[in-house]
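Student: Next come the chains, spelled out residue by residue.
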Amino acid sequence: MQRQNIGLGLWKFLQSVIAALVGVQSQNKRQQDFAGDNLLRIIGISLVAAVVLILVILMMVNMALPDPS
Amino acid sequence: MTTTTAAHDDHGHHGPAKGIMRWILTTNHKDIGTMYLWFSFIMLLTGGVMALIIRAELFQPGMQLIEPEFFNQMTTMHGLIMVFGAIMPAFVGLANWMVPMMVGAPDMALPRMNNLSFWILPFAFGMLLLTLFSEAGAPNFGWTFYAPLSTTYAPSSVTYFIFGVHLMGISSIMGAINIVATILNMRAPGMTYMKMPLFVWTWFITAYLLIAVMPVLAGVVTMMLMDIHFGTSFFNAAGGGDPVLFQHLFWFFGHPEVYIMILPAFGIVSHIIPTFSRKPLFGYSSMVYATASIAFLSFIVWAHHMFTVGLPLVTELFFMYATMVIAIPTGVKVFNWVSTMFQGSLTFETPMLFAIAFVILFTIGGFSGLMLAIAPADFQYHDTYFVVAHFHYVLVPGALFAIIAGVYFWLPKWCGNYYDEFLGKLHFWLSFIGVNITFFPMHFIGLAGMPRRIPDYALQFADFNAVASVGAFIFGFSQLLFLYIVIKTIRSGKQATPEVWEGADGLEWTLPSPAPYHSFSEPPQVK
Amino acid sequence: MSSKPNVAKSAIKHLFVALAMFGFGFALVPLYDVFCEITGLNGKVTGTVEKVDYTVDTSRTVTVQLLASKNAEMPWRFMALQEQIDLHPGEWKQIGFWASNTTASDMVSQAVPSITPARAAEYVQKTECFCFQQQPLAAGESKQMNMVFTISPELPEDIQTVSMVYTLFDSTEFADPETVAKLN
Amino acid sequence: MKIRTWLSLSSIALLLSLSSIVKAEWGVNMTEGVTEISQSIYDLHMLIFWICVGIGVVVFGVMFYVMFKHRKSKGAVAAQFDESVTLEWLWTVIPTIILIAMAVPATKTLVEMYDASDAQVDIKITGYQWKWQYDYLGEDVSFFSNLSTSRDAVYNKEEKGENYLLEVDKEVVIPTGQKVRFLITSNDVIHAWWVPEFAVKKDAIPGYVNESWVNVPVGQEGVYRGQCAELCGVDHGFMPIVVRAVSQSDYATWLDEQRAEKEAAALAALGDYSFDELMTTGAEVYAGRCAACHGQNGEGMGSMFPPMVGSDIVLNDVDKHIDILINGVAGSAMQSFAEQLTDVEIAAVITYERNAWGNDTGDIVTPRDIIDARQ
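Top to bottom, those sequences are chains R, P, L and S. Okay, so the first sequence: first residue is 1 according to the numbering used here, each after it adds one. Okay, so the second sequence: first residue is 1001 according to the numbering used here, each after it adds one. Okay, so the third sequence: first residue is 2001 according to the numbering used here, each after it adds one. Okay, so the fourth sequence: first residue is 3001 according to the numbering used here, each after it adds one.
One should not assume that every hint holds.
[What the hints assert, rightly or not] Dumping the calculated BS3-like pairs for lysine-lysine here, alpha-carbon to alpha-carbon at most 27 Å:
#: 1; chain 1: R; residue 1: Lys12; chain 2: P; residue 2: Lys1195
#: 2; chain 1: P; residue 1: Lys1018; chain 2: P; residue 2: Lys1488
#: 3; chain 1: S; residue 1: Lys3072; chain 2: P; residue 2: Lys1494
#: 4; chain 1: P; residue 1: Lys1425; chain 2: S; residue 2: Lys3074
#: 5; chain 1: S; residue 1: Lys3069; chain 2: P; residue 2: Lys1425
#: 6; chain 1: P; residue 1: Lys1195; chain 2: L; residue 2: Lys2093
Calculated directly from the structure, the hints in this document are not laboratory data. Just so we're clear, the structure is a prediction, and the values are computed from it rather than from any experiment.
Whole structure, please, built from the sequences with the hints as guidance.
Tutor: In structure tokens:
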């Protein structure tokens, strides 16, 4: 069946990458993710999301630390 | 797994060569898979004997059997042989057998390299095991071989250990490249990424983990080699090096390595549970995404093995939070398996029993892992038998039960005969009881304060150590029963049908049993 | 059908990824030092610092403990002339360590500093330290080795005690040429 | 079907009953310890433990329900649903909340553990291959602490005492009610200093100093035992730690006693000793410290540890013999005993080695020779 390229916006990808981080994804969303040429874009976004995740955890750490002088 | 007659669709291809040359020169993924599996079973028994020596010595306080020096050699070799010799080659063997058939490929992408990556292993482990007979003795610095104990203070056999690890690493990298090339290029038409069976998906991600971290391990042992022989000082503070650098490098490889040893197990269990529940896998895409997420997160958690090394507070907190994040996708996988079983129509043949035991006992290992992630509590758990209990729960009823379940599940397809169901169940119950009697008390003696890797202990740990030792012998000898069952099945089991199991679906079950020497010469049609 | 050219291409590509990761393993070594520098891990304090005249904060005194420690391979006698000294943040002090080579052969040593609490490491400034370079000693010789240092006033309030441990290692086999030249 | 259900039921009951034993002080659970930190760690441990038991009961409960209710032999027909995103979001959000709930108290405890500021007592702990050295900063008290369980007890030739493998010849004494700060480092390989009741465990790494601290509350005077917790070689299991917490006044008197002992030893070294006195002390020191490597009767062990009997150095080269005792042998397992033994003990053990097992050279080495050699 021919899936026309739905031209997902960046936001849609970000949503699916965050869902992927947690490991939850629905069938149809996944079809859109893996439609043909989206693979490179997904990898790009997931790398960005990876760095963001590390920074988020670091931010939580600094928040948790007693404020050094 | 001798395949007898060439199958009907085998138009004119030559069957396997005769005699020993068949196995040495083979480029057939089925033969190489068989060799990997037999090699890993021999290593399981070798490592198992060492475990029994350790447990026999620890049966009673006091030194009864062996000297502390030899005890340290046994713990080190037990760790190395089980991790690199039993678990990893078993998964590579299962991948060699099943991945080509599951994606509808005639063979692995690089058959000759496939042969080479197997035949390196016997020599790597030969060299490692021969150090036992050298005058300096085998490596005695633990399978994690921390510097400076493994560099300045090591026995002279450490160089053979280094070359052994080099060879194992090269073999694993070549195997991983082979699997990635096969999955990327040789899937049958119609078999899109999201139609690939989960075992193929988990191995695809494990292969990338292998390609990423095995070179780092090769780098670490090369740095050790240069420190010991060529006068550099990577880890020797005298020349400006740093022993803690070693621990960071080792565990940067180490944690992805422990996921390399469990992700394929997730794949196998995700095939078995749907088959015997007669129900499709619950949340297939969640499982794929969760595996990918676990693989990524495994790169940023390594220092939770080093909470007591004196990391700055900021680093310690970062790694505690990152380790906690990993618990979420792992939890998703366990919940998916249970939901697959929910409202299924269950039968309990041996593979299903092992798979259910995997889910329960691996989750207990996961819980103790979650407890270890709490950094302050880890100050009391670190390097005690609580950690030993944790990683044995995720490795023995975890990886090993999944491998055994995989063998019972696919054996009829490999050799064309059913295994003896009663013996299979007997093997399951002996292993299940043996594993729990051995490793559950270790939680207690660890919490009570017994450190790891000690040949003798204070009196308050005596009774649970005795229980654990008894369990070890029960579990150890029940694996000989497994050997008998496999041989009996190959020789004279009941003839298996192509589908083998009622609920089974996938390309591999469309092939006749036993699977022909050359399968899918013409790519199958994937609906 | 299996497309041979693609297989070779992807295999080569992944081989390069593996080789890159092998290089990455070695690149982690300098990366580690940079990382230690930033977080002051193990008191890997920056090298020589030119003398800065801080405004001495006489309202606070910080106890600095100076401990000498030896590695098993190092037979020399090595001790701090003063185990504990109090100073006001910003005040420059000179401290002496005493080492004597009791063996019958010329040797070269390397002192490795380590500061705790780790947070205090970046506030310790040194204009001169025997730990910056290798220290040779001929057989039977002994000498005093000095260090000029201060603790900058920006030291966090809650740190009153800073311990600096110098572990002496035998680095004769790593001795650089000019140190050996100094020996004979 | 019957046997299997019964078997799986009994094994699960066994597992659950075992976890209920955790409550009973049957040496199965983590010690609550004597300090505030060890108590909060114990609370964290029990909190995460009960959370895991809770989740376990739910998940395994569902599994066992399914294994009984939805069996093919009971006619269960498999439904074909294979996805429900809402359910999946549920079982990711709930664990996230639980983890955050765990992270907050854990962070608080960890921050407290890292705060070793304003301590009244500072002790530098140095790990050696297979013993510990303690230096009380500013108190001029420093000693080694060795395992005192005899080799015969380890090799089952003798009765094992109550504190088998957890007893030392010289205990670390610390005051209660004061913050004691430990500066932990190592002389050779990586060790780890661990006393469970204090919940103090820090790696001893050569070239590094790690700090940790303990504040034993007043009233908790007593003896606390621990062990090395990082593989450090052959006798990794034989280098215990014994800390005796005493009241502050007892601590002060103990310090004075140690300094007095030190002067007495120095004075004693100036006295002269008869052959028999040196031989008896020498035999004791040899059995305690040298027999482990050089053999009970000086026969040595393999190529690693040379024999004493008929050895050229022992018989003819007394200066080399003394030098080995004081400076050790670089690049070998022979350590320097200069700080580990008093002058009298070194003189006695050398005299013993020169006259025992048929080596009878007939002369004695006096403590004064050792003092001259130390210069």
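Student: The structure should be examined with respect to each hint, and the outcome stated for every one.
Tutor: Structure-based check of each hint:
Proximity of Lys12 (chain R) to Lys1195 (chain P) is assessed by CA-CA distance (about 22 Å); at most 27 Å being required, the pair is judged to hold. A C-alpha spacing of about 22 Å is found between Lys1018 (chain P) and Lys1488 (chain P), which places the hinted pair at or below 27 Å, so the restraint holds. Proposed proximity of Lys3072 (chain S) and Lys1494 (chain P) is supported: the alpha carbons are some 23 Å apart, at most 27 Å. The hinted pair formed by Lys1425 (chain P) and Lys3074 (chain S) meets the criterion: a straight-line CA distance of about 20 Å does not exceed 27 Å.
Between Lys3069 (chain S) and Lys1425 (chain P) the alpha-carbon distance is near 21 Å, which keeps this suggested pair within the 27 Å criterion. Between Lys1195 (chain P) and Lys2093 (chain L), the direct Cα distance comes to roughly 72 Å. Violation of the 27 Å bound is thereby established for this hinted pair.
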